[in-house]
Amino acid sequence: MHRTVLIAGALLSLAGCQTVSVNEALDVAGAPTSSGDISEGDLRTAKAHFREGNYGLAEKHFRKAVELRASNAEAWLGLAATYDNLGRFEFADRAYAQLLKLVGRKPRVINNMGYSYLLRGNRKQARELLTEANAALPGDPRIAANLALLNKN
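Numbering (my numbering), first residue to last: 1 to 153.
Think of the hints as simulated: they come from the structure by calculation, not from any bench.
Check each hint, because a few of them may be wrong.
[Claimed, not checked] Each computed DSSO-like pair below joins lysine-lysine, with the alpha-carbon atoms no more than 30 Å apart:
(1) LYS64 to LYS101
(2) LYS101 to LYS124
(3) LYS60 to LYS101
(4) LYS124 to LYS152
Please build the complete structure, drawing on both the sequences and the hints.
And the structure:
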């Protein structure tokens, strides 16, 4: 099962988490905080559901948050991570694509994408993305953990 700290503070404070937390997404994205925007309530609710493993409810609220504010990188990251947890990888890809349009190829986002491909069993694509993330952000423990997981299997 997918263990994440999605999208990349600790939305998921699980030991051994491999992806970036949603709480860290703003740092990763360099986007403004969600404070005071109309999507804030749904984002907060989505994170709580995600932490509890209620991915269906998390998806509903992350989706609403991006509908309310399409420039909310944190919500897009959370939505992508949620879709990964639900095994809905086509939807995860769409969310990652929107996130890339907003923030560019940030190493921690690329790391999450690599982990997504690892979950799918696409080791070649996972390796390409994780190697790219590692080259851009050497020594990052999440990226290193994902590479170790990839090399372990």
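We went through each hint and held it up to the structure:
no. : hint             : in the structure
1   : LYS64 to LYS101  : 19 Å, holds
2   : LYS101 to LYS124 : 24 Å, holds
3   : LYS60 to LYS101  : 22 Å, holds
4   : LYS124 to LYS152 : 14 Å, holds
The structure agrees with every numbered hint stated previously.
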